[in-house]
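K.L.:
Mind docking chain B with the ligands on chain A? Use the hints.
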Amino acid sequence: MFEELIKKPAAWLTGEGKNSEIVLSSRVRLARNISSIPFPSVAIPEEREKIISFVNKAVQKSSFLNGGKVHNSSEIPKLDKDFLVERHLVSPEFMRGSNNKALYIGEEEKISLMINEEDHVRIQALNSGLEIKSTFELADKVDTELSNTLEFNFDPDFGYLTSCPTNAGTGMRASVLIHLPGLVLTKEIENVISQVTKLGLTVRGFYGEGSDVLGNLFQISNQTTLGKSEEDLIESLEKVTNQIIEYENNSRKTLYSEAKEQIEDKIWRAFGILRSARVITSTEVTNLLSALRLGLGMGTIKEIPLGLINQILLISFPAHLQKYLNKEMEPNERDILRAELIREKLKSSI
Amino acid sequence: MLCDDCKNNNATIQVTQIINNDKMTLNLCQKCAEKRGFRSPFEGVPFPLAEFLSSMITASAKTGDKPHTKTVIETRCPGCGMSFTEFAQKGRLGCGGCYKAFRPQLKDLLRKIHGSDSHRGKIPNLPGKEMTHLREERKLQEELKKAIEEENFEMAARIRDKIKGLQTEK
Ligand SMILES: [Zn+2]
Ligand SMILES: [Zn+2]
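Residue numbers (our numbering), protein chains in the order written: chain A, 129 to 478; chain B, 1346 to 1515.
Excised from the complex, chain A in its bound form:
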């Protein structure tokens, strides 16, 4: 499945958009529930199927959405599920336990809908780069389109009603995925995180479920969803993100003036490993590519374009690698073929 997607870069990794050498992607999710039907965790299978068919109908009726397709998650094989998670089209939770759930993917993967995750519908808009506002506008448009056909659960005091009260109100979670190697290396990151947290935003490591931060990537999102308008929430996320970009650039300058050789050594060694390794894990690739991304940003390595860094990152993820090579593999074999593929990709540069 999804063979047409593997040939293209994922929407969050196209390298387009503002500040895309630091901000990888912007994402907005809206949680919505349809009136008079219990939330997915309580609904019986018949009710969950009803939700899927309602949403499907709403998609067909919307000229804006009907270019995409609704897939029942029971039809999606395990490998393809992992593939969709790696493409940031669905949450890992969505793919756990596949009963009566469905997924809509719009053209160019900028819009997706998770049906019967924690809420009846989770609308997602996704863009590369620092594009919070336009990403919100896209999600908002999808919401308005759907609400022409669907009656969403809404309370005048509490706003959009969601399964978890932490999402009630706007039902909106806006986030950016941001690359902060400078702040990590200068050890200023803790300080920045604690400042950002005080401003009502949440910072998490990439793929972070409390685990180690991968590739110096962080996700920043609004913490609260009730009591402020979508526009205000978006604006404060954008403002804080711009501030963090400035901090990151300053710390890169500091690094360059105080430890130029050490930083350049780190960057070139990362390149050396990627170009020569015979066995390599996806985690290691993500971390090494962080150094290359930094090198590109600081002008140390000009030979590897952002597009190539993003492509290597994407096809190194386990499910992407298997889809790309069209072969299901055990981790050991994957690590060998991944190293081979990366050597091949980097051969033409330098």
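These are computed hints drawn from the structure, not numbers from a lab.
Incorrect hints may have been included.
As the list claims (entries may be wrong) - Derived SDA-like pairs (lysine to any residue); straight-line CA-CA distance at most 20 Å:
#, chain 1, residue 1, chain 2, residue 2
1, B, Lys-1484, A, Pro-284
2, A, Lys-135, A, Asp-208
3, B, Lys-1435, A, Ser-169
4, A, Lys-455, A, Ile-204
5, A, Lys-261, B, Ile-1468
6, A, Lys-189, B, Leu-1471
7, A, Lys-238, A, Ser-190
8, B, Lys-1484, A, Ile-204
9, A, Lys-135, A, Ser-357
10, B, Lys-1457, A, Ser-357
11, A, Lys-269, B, His-1478
12, A, Lys-269, B, Arg-1465
13, A, Lys-430, A, Asn-460
14, A, Lys-315, A, Asp-393
15, B, Lys-1490, B, His-1478
16, B, Lys-1445, A, Ser-163
17, A, Lys-135, A, Gly-225
18, B, Lys-1491, A, Glu-363
19, A, Lys-269, B, Arg-1480
20, B, Lys-1457, A, Glu-363
21, A, Lys-367, A, Asn-319
22, B, Lys-1509, B, Gln-1486
23, A, Lys-178, B, Gly-1424
24, B, Lys-1507, A, Pro-284
25, B, Lys-1445, A, Thr-294
26, A, Lys-367, A, Glu-265
27, A, Lys-261, A, His-216
28, B, Lys-1452, B, Arg-1437
29, B, Lys-1435, A, Ile-204
30, A, Lys-178, A, Ser-190
31, B, Lys-1445, B, Asn-1372
32, B, Lys-1490, B, Leu-1511
Everything numeric in this text was worked out from a predicted model, so none of it was measured.
P.N.:
What follows is chain B with the ligands alone, placed relative to chain A:
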């Protein structure tokens, strides 16, 4: 589920009594529960979730002569049957109706989570008098904000009156 007593109204309160080792469960409507003297323990209880829960679980029966008697009274959502204890255990509500059934508790909870209990964001284009009101009020609030920014206080006062008028109409 219908009320065990009147067999007419929807049961929204579940009373569980444990006397020694015998458990007895009654599902009652608000009226019949009050007739029997059971009151929902939620009324007027301030936030902390833990406090809610312990207040619910502590016996409202008198201790002393019957040390093994325990009575638990719970409000249940008429829409999905979920009780507040079940919500507190799962962290997820069962349906939109839960927000009505547990309104006072959720108001406190939302304030704790978001620092607010009132929505300021998008309003869907739903029919109904209440929704029309809401949209009007929102529009006026925006006008009020603008008037204040422009220091047009006469206009602001007029808009404020209109908003008050809307609110009393409710
Ligand atoms: Zn009754
Ligand atoms: Zn309910």
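K.L.:
All hints are to be evaluated individually against the structure, with a verdict given for each.
P.N.:
Cross-check of the supplied hints:
1. B:Lys-1484 / A:Pro-284: 14 Å, holds
2. A:Lys-135 / A:Asp-208: 14 Å, holds
3. B:Lys-1435 / A:Ser-169: Distance of about 10 Å is within 20 Å: holds.
4. A:Lys-455 / A:Ile-204: 17 Å, holds
5. A:Lys-261 / B:Ile-1468: 19 Å, holds
6. A:Lys-189 / B:Leu-1471: Holds - the C-alpha atoms of Leu-1471 of chain B and Lys-189 of chain A are around 18 Å apart, at most 20 Å.
7. A:Lys-238 / A:Ser-190: 16 Å, holds
8. B:Lys-1484 / A:Ile-204: Given that 20 Å is the threshold and the Cα spacing comes to 46 Å, the pair is violated.
9. A:Lys-135 / A:Ser-357: Violated, at roughly 39 Å.
10. B:Lys-1457 / A:Ser-357: Holds, because 18 Å separates the two Cα atoms, which is no more than 20 Å.
11. A:Lys-269 / B:His-1478: 24 Å, violated
12. A:Lys-269 / B:Arg-1465: Within the cut-off at roughly 18 Å; holds.
13. A:Lys-430 / A:Asn-460: 32 Å, violated
14. A:Lys-315 / A:Asp-393: 19 Å, holds
15. B:Lys-1490 / B:His-1478: The given pair, whose Cα atoms are some 18 Å apart, holds under the 20 Å limit.
16. B:Lys-1445 / A:Ser-163: 13 Å, holds
17. A:Lys-135 / A:Gly-225: 28 Å, violated
18. B:Lys-1491 / A:Glu-363: 19 Å, holds
19. A:Lys-269 / B:Arg-1480: 19 Å, holds
20. B:Lys-1457 / A:Glu-363: This hinted pair is violated, its Cα atoms lying about 23 Å apart.
21. A:Lys-367 / A:Asn-319: 18 Å, holds
22. B:Lys-1509 / B:Gln-1486: It holds: about 11 Å lies between the C-alpha atoms, which stays within 20 Å.
23. A:Lys-178 / B:Gly-1424: 17 Å, holds
24. B:Lys-1507 / A:Pro-284: 19 Å, holds
25. B:Lys-1445 / A:Thr-294: Holds. Lys-1445 of chain B to Thr-294 of chain A sits at ~17 Å (cutoff 20 Å).
26. A:Lys-367 / A:Glu-265: Cα-Cα ~17 Å, so holds.
27. A:Lys-261 / A:His-216: 19 Å, holds
28. B:Lys-1452 / B:Arg-1437: Status holds; Cα separation ~15 Å.
29. B:Lys-1435 / A:Ile-204: Roughly 28 Å between the alpha carbons, so the hint for Lys-1435 of chain B and Ile-204 of chain A is violated.
30. A:Lys-178 / A:Ser-190: Between Lys-178 of chain A and Ser-190 of chain A the Cα gap is close to 18 Å, so the pair holds against 20 Å.
31. B:Lys-1445 / B:Asn-1372: 19 Å, holds
32. B:Lys-1490 / B:Leu-1511: 17 Å, holds
Violated hints for the displayed structure, listed by number in ascending order: 8, 9, 11, 13, 17, 20, 29.
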